[in-house]
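Here are the chains, one letter per residue:
Protein chains: 2
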Amino acid sequence: VRKKCLNLVNGAFSKRWHQITAYNGVPCDALSIEWNKAIKPEMVREKLDTGEYDAVTLVFNETSTGTMNPLKEIAEVVKEYDDVFLFVDAVSAMAGVKIEVDKLGIDMCLAGLQKCFALPSGLAVSPVSERLLERAKEVPPRSYYFNLNIMHKYYQRSQTPVTPAIPHLFALDRQLDYILDEEGLENRFARHERMAAIVQKWARTHFDTYPERGYESKTLTCIENTRGISVKELNERLMNEYGMRISNGYGELKEKTFRIAHMGDAQVQDVKGLLAVIDDILGLE
Amino acid sequence: VRKKCLNLVNGAFSKRWHQITAYNGVPCDALSIEWNKAIKPEMVREKLDTGEYDAVTLVFNETSTGTMNPLKEIAEVVKEYDDVFLFVDAVSAMAGVKIEVDKLGIDMCLAGLQKCFALPSGLAVSPVSERLLERAKEVPPRSYYFNLNIMHKYYQRSQTPVTPAIPHLFALDRQLDYILDEEGLENRFARHERMAAIVQKWARTHFDTYPERGYESKTLTCIENTRGISVKELNERLMNEYGMRISNGYGELKEKTFRIAHMGDAQVQDVKGLLAVIDDILGLE
Numbered sequence: 001v002r003k004k005c006l007n008l009v010n011g012a013f014s015k016r017w018h019q020i021t022a023y024n025g026v027p028c029d030a031l032s033i034e035w036n037k038a039i040k041p042e043m044v045r046e047k048l049d050t051g052e053y054d055a056v057t058l059v060f061n062e063t064s065t066g067t068m069n070p071l072k073e074i075a076e077v078v079k080e081y082d083d084v085f086l087f088v089d090a091v092s093a094m095a096g097v098k099i100e101v102d103k104l105g106i107d108m109c110l111a112g113l114q115k116c117f118a119l120p121s122g123l124a125v126s127p128v129s130e131r132l133l134e135r136a137k138e139v140p141p142r143s144y145y146f147n148l149n150i151m152h153k154y155y156q157r158s159q160t161p162v163t164p165a166i167p168h169l170f171a172l173d174r175q176l177d178y179i180l181d182e183e184g185l186e187n188r189f190a191r192h193e194r195m196a197a198i199v200q201k202w203a204r205t206h207f208d209t210y211p212e213r214g215y216e217s218k219t220l221t222c223i224e225n226t227r228g229i230s231v232k233e234l235n236e237r238l239m240n241e242y243g244m245r246i247s248n249g250y251g252e253l254k255e256k257t258f259r260i261a262h263m264g265d266a267q268v269q270d271v272k273g274l275l276a277v278i279d280d281i282l283g284l285e
Numbered sequence: 001v002r003k004k005c006l007n008l009v010n011g012a013f014s015k016r017w018h019q020i021t022a023y024n025g026v027p028c029d030a031l032s033i034e035w036n037k038a039i040k041p042e043m044v045r046e047k048l049d050t051g052e053y054d055a056v057t058l059v060f061n062e063t064s065t066g067t068m069n070p071l072k073e074i075a076e077v078v079k080e081y082d083d084v085f086l087f088v089d090a091v092s093a094m095a096g097v098k099i100e101v102d103k104l105g106i107d108m109c110l111a112g113l114q115k116c117f118a119l120p121s122g123l124a125v126s127p128v129s130e131r132l133l134e135r136a137k138e139v140p141p142r143s144y145y146f147n148l149n150i151m152h153k154y155y156q157r158s159q160t161p162v163t164p165a166i167p168h169l170f171a172l173d174r175q176l177d178y179i180l181d182e183e184g185l186e187n188r189f190a191r192h193e194r195m196a197a198i199v200q201k202w203a204r205t206h207f208d209t210y211p212e213r214g215y216e217s218k219t220l221t222c223i224e225n226t227r228g229i230s231v232k233e234l235n236e237r238l239m240n241e242y243g244m245r246i247s248n249g250y251g252e253l254k255e256k257t258f259r260i261a262h263m264g265d266a267q268v269q270d271v272k273g274l275l276a277v278i279d280d281i282l283g284l285e
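Chains as they are written, first to last, in the numbering used here: chain A, 1 to 285; chain B, 1 to 285.
Hints may be right or wrong, so weigh each one.
Which copy is meant is left open, so a pair is good if it fits within one copy or across any two.
[As the list claims (entries may be wrong)] Derived DSSO-like pairs: lysine-lysine, alpha-carbon spacing no greater than 27 Å straight-line:
| no. | residue 1 | residue 2 |
| --- | --- | --- |
| 1 | K153 | K256 |
| 2 | K79 | K201 |
| 3 | K153 | K232 |
| 4 | K15 | K153 |
| 5 | K153 | K254 |
| 6 | K47 | K72 |
| 7 | K254 | K98 |
| 8 | K137 | K201 |
| 9 | K47 | K201 |
| 10 | K254 | K37 |
| 11 | K272 | K201 |
| 12 | K232 | K98 |
If you're looking for bench data, these hints aren't it; they were derived computationally from the structure.
All of these numbers come straight from a predicted model, not from anything done at the bench.
Chain A extracted, bound-state conformation:
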C-alpha cells in the first residue's frame, strides 16, 4: 500500500481486518455501516473517487452476521480504478460458493480450510495476483512470516519458507481430489445453495433472518431471535440429546441472533434433520 487502505466493515471479522491493517502500520480508514446491512458498490465508488486509496479489504461472507456482500458488483467497481488492489476474506465461502478470482480481479483471496473445505483447522490458503507479487517486491518487508516475496520464492521451488503443517497438506490434497473429481465444483456450489434456501425459508417461517434481504449467506444463516428463545439452552439440548450444534450470535449479537452453518460436507438431509429436531425442541409448527 502506497496511499491508504479502505477497510469495508459490516461485521466482527471485517472490523478485525481494519484493526489488523492498523496494527501493521498501514494507513487506513474504515467504511463502517450497520451490521445487518451489506456493503453496496456505490459506497465503495464514492470512497475510491476521492483518490485517497490504493487498497480495499472486503469480507465476502461475514461469519458473524450471515451477510454475503455483493462481491461481484464491488469487484467491478474496484476494477475501474487501475491502481487499487482488492483483498478479499473468503474464509467461510471458498469451496462453497463460486468465486471467479481472476475474472473479478481479486489480488488476494484468503480462506481457512476449516469452513467450506470441511478440513481440520490449521491452514490458510490464498490465490495471489501477478501484480500483487510485483508490488510486494517494491514494498519494504514488514515481516518474515507473512512475506509474499519469500513465500513466492519458495513456491517456485515447490517448497515453503518454514516447515509447513504436513498433515494438513495431505488432507487438503485428498479433499481437493474429492471436491474436483468426485463431487464436482458445480454440484458442491449447488448443494450449498439448496441448503441455504432450506434454512432461510425455515428461519423466515419461525423467526426472521438477520441480514438485509437479498444478501443472505449461502454457507450459514444468521437468524434473528424474534421469539426470545434461550439460544444457549437450545444449543445445550441439541448437543446433549442429539450430538448436534448450532452457534449463538457473535459477540454483542449473542442471544439476539443465532447461526446455523450449512457448509462443507453437510448434506441437505443433515440440514433437514437438524431443523426437524429444533422444531421438536421448541415445539414449533
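For chain A, the structure is supplied; the task is to place chain B on it using the hints.
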C-alpha cells in the same frame, strides 16, 4: 524493545532470526561468528556492556550446524543486566534437553512440535515471562497474529485469538501425557544424551564432528565429510533400500557436512541400526 536487539549468529537459523528482527522494524545488530564455533558468554558480556541493547536472541541448538550454544552460561550473563530481555529459539531442543526457563530467566523460549516433541509440524509453543507480558502492554502492537497482549487475553479465558490447529492440540496433549507420565522427563533427556554420545563417537571414528569440541548438540550431530563421500548418494541408498533418512549439510555446508538426527521418539537401537547400515553402505570398519 526500546533500545536495540542483539542477535547472536552462528548458523543459518540464528542468521534468519537477525533478518526477521530487521524485517519487523526492530533496531538490531548481529554478533556473527564462524559457524563451527559456539557463542561464548564473554562475547555477550562485551556487547551488553555497551548499554546499547535491551534484548538478546539466541538459537540454543543450531539445527544447521549441530552446535549447542552454552545457554546456561549465556543466560547468566544476560541476567546480570536487569533491563535486557532474553529470547531463545529452542526449536530442536525443547523436550529433548533440559531447559530451566524460569531459573535461567528466559523471557521467551520458542519451539516447534516437529522436533523433540516428535509430533507433526504445524504448531509452535513458548513459555513467556511475566515481565515480557508487562512489556508487551507498553509497546505499540506491530501485528495481530503475533500479538502477545491478544494471545494472553484469550489464554486467560482458555481460548485462542484465532481458530487454532485443533488436531495438533489433541496430539500435543497426548504426547505431553506420554512424556511426563510414561517415559518421564529425566529419562527422555538421558536417552537423548545416550544417542548423542553414540553418534558423536561414531562420527569421530570415521569422520569428524563439525562443531567446536564441547559444544556438540544432544539432539542432532553435524558431521564433517572428511572422506569426501557423496552424501546425496548415501542418503538415496538409505531411503530406497532401508527406508531411513539422514540430512545433507544445510545450505553452503551441503556435501561438506551431513547431519544425523537423534531426537524425539528415536531410540538407542534405532540410532545403532542406522549407523550399522551406513557402515555397510560405505564399507567402514
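Legend entry - Violated hints - listed by number, lowest first: 2, 7, 8, 9, 12
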